[in-house]
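Visitor: So the protein lines, in turn, are chains D and U. Under numbering that gives the first Met the number 0, residues 0 to 269 are what the first sequence spells out, in order. Under numbering that gives the first Met the number 0, residues 0 to 279 are what the second sequence spells out, in order.
What the hints contain is simulated information worked out from the structure, not anything from laboratory work. A couple of the hints might just be wrong.
[To be verified] If the Cβ cut is set under 7 Å, some of the chain U residues that face chain D in the computed set are:
| id | residue |
| --- | --- |
| 1 | Ala149 |
| 2 | Leu151 |
| 3 | Leu213 |
[Stated by the list, open to error] Only part of the chain D face toward chain U is listed, based on derived beta-carbon distances under 7 Å:
| id | residue |
| --- | --- |
| 4 | Leu66 |
| 5 | Pro102 |
| 6 | Thr115 |
| 7 | Ala116 |
Quick caveat, the model's predicted, so the values are computed rather than measured. Ideal placement from N, C-alpha and C gives every residue a C-beta, glycine not left out.
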Amino acid sequence: MSRLPQPPASVDCNGAVPLCAEHLSVGYDGKAVVQDITLDLQSGRALALVGMNGSGKSTLLKTVVGLLAPLGGRVEVMGAAPGKAPQRIAYLSQFHSSAFVLPLRAVDVVQMGRYTARGLLGRMTSEDADLVADAMKRMGIAKLAQQPVRALSGGQQQRVYLAQALARRADLLVLDEPTASLDAAGREFYLQALADELARGVAAVAATHDINEASRCDLVMLLAHRVIALGTPRETITPEALLETFGIVLMSQGEQGRLAIVPREHGHDD
Amino acid sequence: MEWFINPFIQNGFMLRALAAGVLVSISAAIVGTFMVLRGLAFIGDALSHGVLPGIAAALLLNIPGILGAAVGAAVMIGGISLITQRSRLSADTAIGLLFVGMLALGVVIVSRSTAFTGDLVAILFGEVLGIGQSALLIQLAATAVVAATAVLCYRPFLLLCYNPEQAQVAGFSVRLYHNIMLALIALTVIVSFQTVGTLLVFGMLLAPAAAGALLARRIGTMMLWAAGLGAAAVYAGLLFSYHFNTAAGSTIVLVATLIFFAVFFARSARPAHTAEAAQR
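Only chain U is shown next, with the shape it has when bound in the complex (with noise of 0.2 Å):
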């Protein structure tokens, strides 16, 4: 038993590892229940890319990188929706563009500065044993504004996962819901850069709702299921990372997708809506 509780009571940098990865796992799963289901993973993964020239020109100004990421954010966004208003590209190729585009920006301001190696490590992998008691309730307020607004926006958000068109006609506007969606999936992104990193932030949003879909029957529990598996990832790769010293935010990534594929192999070989289907 020792060796399942003890690293988290004897370090307090692994118990706030562990109380800021359940936060994440927390708000990733609200949104990215809504992510998978509306069909935005891609502009899920090209926001956790996008903002890498934020965060690196933030650090480089010497302002919070939280700020830096909130404006590649806002960048990304705004120019996806420049691009498919002004033109007839399709959203994939806007999202694409600003996402290729934008990791290169990163990584040019990256390369200026000889001394940014071990920065880029953490910007991108996370910093998740080294979290302060600030950045925890950086965590926590986002996390409680995500969960706010979903509660506030469920009916809209579930009516423009079911069909857009009808979301219009029932009178909730899509532009607006759907933006509100998007700053909600920037929001998950730019506050979790600092636990998981902005390559594995976008793991803990599919991952965990995507096993969660194969799972559940409603959206409440879809949602319940990605929590529960989000967290069970932060703490099983935790406490794989202490023990067998690897990186911690990769491990937990890592974690979270293994029980994605071990959820997949359960339900391929047992399929139940089928029977269901026969039942009938």
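Chain D extracted, bound-state conformation (with noise of 0.2 Å):
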């Protein structure tokens, strides 16, 4: 195990990375989920954070963006305290359940990626509505902008809640399993969204089952209540990382190559 690519000893948070952390402690109530993450992520750069349910990816998450206290160690977002620079981040937590039952049409779930912009009654400008268009036509849903969410299916709310991401024109991306439920059309489009946004400068954290998606990835961090492995890729994705990430694997050299990866388990408890 000892050939797997491991967390820089230190790194240098002081030029204002989108994200950098030093021997941070991730977990909730003072118990630690995940300890002695160490890492920096450059602008134009996305990390896959891959793991079981329950490894401490959605932990992690919500500590980069403020819902959680760290626990030890250092962590700055933007060159700030985690939750200080709102407008330069955008978050797709894991959950939208309470959405089912609100009167809102697809537009409006994606116009609040503006909120934070205009504040409490600043007035929506040309600007931010091009931005909301833009968004939705990049996750293909500018045809679903006068549903209500509620008549919406899974894989098109999921679309609608990245649309509302991409609208907030963020710096930093960090997404809770972006590709949970979307089907295949909707994939292409994020990946997509996801390759113009980098392209832009902006940096990325995604949680995720998928190991196709994660080999895109600039930077894949393999989790099991601690840091297994953080590298390229090429480094990480490999059948003994893998192994070590999720106990048992199925993996299969399907068409054109492709990994499958088969998670012990499909509820969500992390």
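Using the hints, build the complex out of the two chains.
Guide: Structure below.
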């Protein structure tokens, strides 16, 4: 196991990089879920967090966006403590159950992505309208703009939430299972949008179960209540590392040599 | 036509009751919409009963009932936050505890005084037909405060209903805006106890907003539906109680509940959302 690429011993957080952590411990109620996370993520780069449910992916993401306080170590987001730069962060959380009962149209939900920029009473400008329309177009849901969200399918709703994150025009995207419940077309829209954002200089952190999605990122962190490995996809996505991350793994060289991975469970308990 | 209009033209107390009831409907529509969408119905219920000991104590001490109601609401909200923050008990448990405790305290206070029976009925069911000029002005001021606060906090309130985590990350303090929302519910309950009473104000918060949720595709439309249906319930309830000599406050809330069920069954017969989904 010693051949797996490990996190750097220390990083330089002084350059106001999008995301920087040194010996960071994350967890709930004073109980650590993952300890000793050291990483830095530069602009225009994407980091995939890969691990099973409960491995600490969501906990790390919630710490990055300021929903959970770090239990130890140091973390800086956009050169400040988490939660101090709301205009520059977009966060896609894992659950949106309440959206089913809200009387909102798809466009209303995407427009919420502009609230931080406009504050309590600031008028929505034509620039905001353009960003909202552009985000919906990029997720392939322009035609659904006037539909009630509660009438959309799960995959369509996920596209609406992703469009909201895009409409924020953030410098750091923090995405918890962005491709969960997306169909094949939705995945293509998402991957293209992510590539465009990265080209714009945005940094992204995404939690995923999907090895193919992770292999498209610049960096991969394998998590199983600890950092198994951190490095390029070529270095980290190895049968040995995946075995250690997932315990029992089913891998196959399917069509076009794609790797498939079947987690042991499909629940959402993290 | 006279049957529908004359009671309000010929009797000042009926006109004041109608004006106060419509004002209650407006503030209850605004607050009730967010209460329903945020899933705070139980805390609204608890608040509407939890103010009872405050009002009863105020009447015993000869101070305005509205002040007692405010103290009762503050104790309720403070107690609920204390329990949920200092223990692992869920909000339901905390709300339920304060709910029964405060209601029991209210009845204990009331039972100490033998001359209280009439007042108790007034507290629980309101005195919509005995509303004076000053109570009407207080109701007007409260409705204006509720409306202004809702305009100011519309975006954070909507984000809270949509997803509290997103609200927090977007830079809107969940704790702050949640507390403002609770304060608006409390204000509506406190001020409306004179009109429809503590027991029934909850019905005015819930029934029109719930009917609005079934009818509307947008939040603003939902509030308009709720206000309109609430005002219609006030008018119809007052008219019925005048002609058939029934208790005014209870009749109003009964009509509001009947309107909800009418809307519910009309919508169930015509499953609109499934049809829309099938069109795509």
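Visitor: All hints, please: hold or fail.
Guide: We went through each hint and held it up to the structure:
The closest approach between the C-beta of Ala149/U and any C-beta of chain D is roughly 12 Å, which is over the 7 Å cut-off, so the hint fails. Of the supplied interface hints, the one on Leu151/U holds, with its beta-carbon coming within about 6 Å of a beta-carbon of chain D, less than 7 Å. Look at Leu213/U: its Cβ only gets to about 9 Å from chain D, farther than 7 Å, so that hint breaks. A hinted interface residue such as Leu66/D counts as satisfied when its beta carbon comes closer than 7 Å to some beta carbon of chain U; here the least separation is about 6 Å, so the hint holds.
The interface hint given for Pro102/D is met, as the beta carbon of that residue sits about 5 Å from the closest beta carbon of chain U, less than 7 Å. A distance limit of 7 Å between C-beta atoms decides the matter here; for Thr115/D the minimum to chain U is near 5 Å, and the interface restraint holds. Hint status for Ala116/D relative to chain U: violated, with the closest Cβ pair at about 10 Å, above 7 Å.
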